[in-house]
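Student: The listed protein sequences derive, respectively, from chains A and B.
Numbering of the first sequence is given in the numbering used here, commencing with residue 5 and proceeding in unit increments.
Numbering of the second sequence is given in the numbering used here, commencing with residue 5 and proceeding in unit increments.
It cannot be assumed that every hint is accurate.
What the hints assert, rightly or not - Looking from chain A toward chain B, a few residues come up when the C-beta cut is under 8 Å (computed):
hint	residue
1	81
2	163
3	172
4	210
In case anyone wonders, no lab produced these hints; they're calculated from the structure.
No residue lacks a Cβ here, since even glycine has one placed at the ideal position from N, Cα and C.
Protein chains: 2
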Amino acid sequence: MIKVVLIGAGNVGFHLFQAIYKSEKAEVIQWFNRNKETIIPHSKDTSITDKLSELQSADIYLISVADTSIRDISIKLNAQDGIVAHTAGSVPVDVLKTHKNYGVFYPLQTFSKQKKIDFKQLPLCLEANNDSSYTSLELLAKTLNSPCCKIDSKQRKALHVAAVFVNNFTNHLYAIGEEICNEHNLPFSILEPLIAETASKVKTLSPKIAQTGPALRNDLITLENHLDILTQKKHQELYNLLTKSIQEKHG
Amino acid sequence: MIKVVLIGAGNVGFHLFQAIYKSEKAEVIQWFNRNKETIIPHSKDTSITDKLSELQSADIYLISVADTSIRDISIKLNAQDGIVAHTAGSVPVDVLKTHKNYGVFYPLQTFSKQKKIDFKQLPLCLEANNDSSYTSLELLAKTLNSPCCKIDSKQRKALHVAAVFVNNFTNHLYAIGEEICNEHNLPFSILEPLIAETASKVKTLSPKIAQTGPALRNDLITLENHLDILTQKKHQELYNLLTKSIQEKHG
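Kindly generate the complete structure, drawing on both the sequences and the hints.
Tutor: This is the structure in structure tokens:
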């Protein structure tokens with residue numbers, strides 16, 4: 005049984021707790037959160053605390069807190085031979101280097117507390133300062149049935165930027181679609197099949213090849229018509245810049 | 005049996021042919037394409053032609069050609085009592101008004117010849133100049149097992165812009181994600197679960213509520229780090245504008 009002390013109860017921490025709790029070969033022996041209230045509902049499932057000084061001895065300490073707090077938490081940990089790993093996309097592994105064994109356990113996924121996560125479909129990006137720590141983190145990933153891959157800090161940073169484009173920015177484009185629908189008394193749900201199909205295409209076609217639309221065709225009449233319909237200046241600016249970017253990419 | 009003459013063999017025309025061909029209550033009695041070569045492989049399935057003067061009498065004439073050619077094709081048709089309908093998102097129904105019965109049969113989906121389309125998941129946006137034409141178009145939609153809804157020309161134009169945001173522009177963001185992966189020796193496939201989850205979320209959460217990321221948190225350190233990683237000026241510009249747009253939307 006892999007003994008985990010989980011630190012943090014944000015979106016990632018919350019889902020990690022659920023996944024480890026359900027697994028048969030790992031357990032959260034203790035859950036720390038600065039604000040104890042948040043985790044009190046789980047006090048029947050694990051030991052909970054809001055004091056770092058009270059942390060128990062564990063195989064892995066998973067730090068799942070805001071990027072800027074990782075270092076502060078880390079230096080207060082007395083992990084001994086335990087592995088200290090953070091779960092952040094854009095924080096280098098080095099911030100944990102005061103420990104003997106350390107690494108990264110970065111789940112490349114978007115988390116909302118309201119929505120279940122299928123860990124079988126969740127790539128875990130791993131990094132560690134030595135082979136045995138890597139093997140332990142890999143074992144934890146396998147225990148959660150998640151695919152995993154070795155990604156160094158520089159690659160992980162790039163991956164995090166790519167994730168911002170395909171997740172945060174994409175979601176914002178959905179939000180703009182929703183606003184346009186609302187303005188014209190259209191149900192946003194009518195766009196769901198299109199959103200699903202666009203996402204599904206990347207599994208079989210490179211997005212470069214899958215590109216379609218008036219920007220690609222340089223269909224000036226439609227481009228102008230579309231700008232007329234957009235009532236918000238920011239939407240117009242985005243429409244223009246994304247159009248130019250598509251045209252630049254496709255020569 | 006609804007008799008359809010299909011005009012055009014682009015991505016939309018191609019998939020409409022497949023769907024009507026498979027249906028039990030409609031048939032493509034004739035397929036026109038300016039370039040006959042494209043449809044010759046289907047000459048065993050239907051009558052094919054490259055001459056508008058040879059078109060047969062039908063219940064519905066579906067015009068699925070480039071937006072700018074719809075009017076030209078339409079005025080050359082002698083449809084009599086048949087319904088002339090185009091399949092375009094941003095062309096008003098009026099361009100067909102020289103006919104007695106006319107309308108729009110707009111499939112709100114992205115089409116590639118390489119990828120099958122599930123017509124059960126394909127919203128068909130319908131419009132017609134009279135009730136009986138509308139009922140006929142609705143019947144054709146039902147024959148293809150597609151959900152359909154009444155959308156007027158103004159709404160359809162807005163819907164088309166929204167579709168550009170959630171499909172063309174979103175696909176371009178995927179393409180940028182792919183470029184970043186390539187630059188850093190990362191397999192683009194690692195982003196697939198994130199892309200799928202981001203798209204899937206809209207079914208249960210409004211994208212406004214689902215928004216996460218450094219832009220929303222105004223996490224200046226990460227925002228600056230990300231800009232450093234982006235090597236292409238256009239990617240940086242998009243990063244900045246999308247970040248600002250998210251921040252504006254969320255105050």
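Student: Next, verify each hint and record whether it holds.
Tutor: Hints versus structure:
1. 81: 22 Å, violated
2. 163: Cβ of residue 163 of chain A sits 6 Å from chain B, so the hint holds.
3. 172: 3 Å, holds
4. 210: Holds, because the Cβ-Cβ distance from residue 210 of chain A to chain B comes to roughly 7 Å (cut-off 8 Å).
The structure does not agree with numbered hint 1 stated previously, though it agrees with all others.
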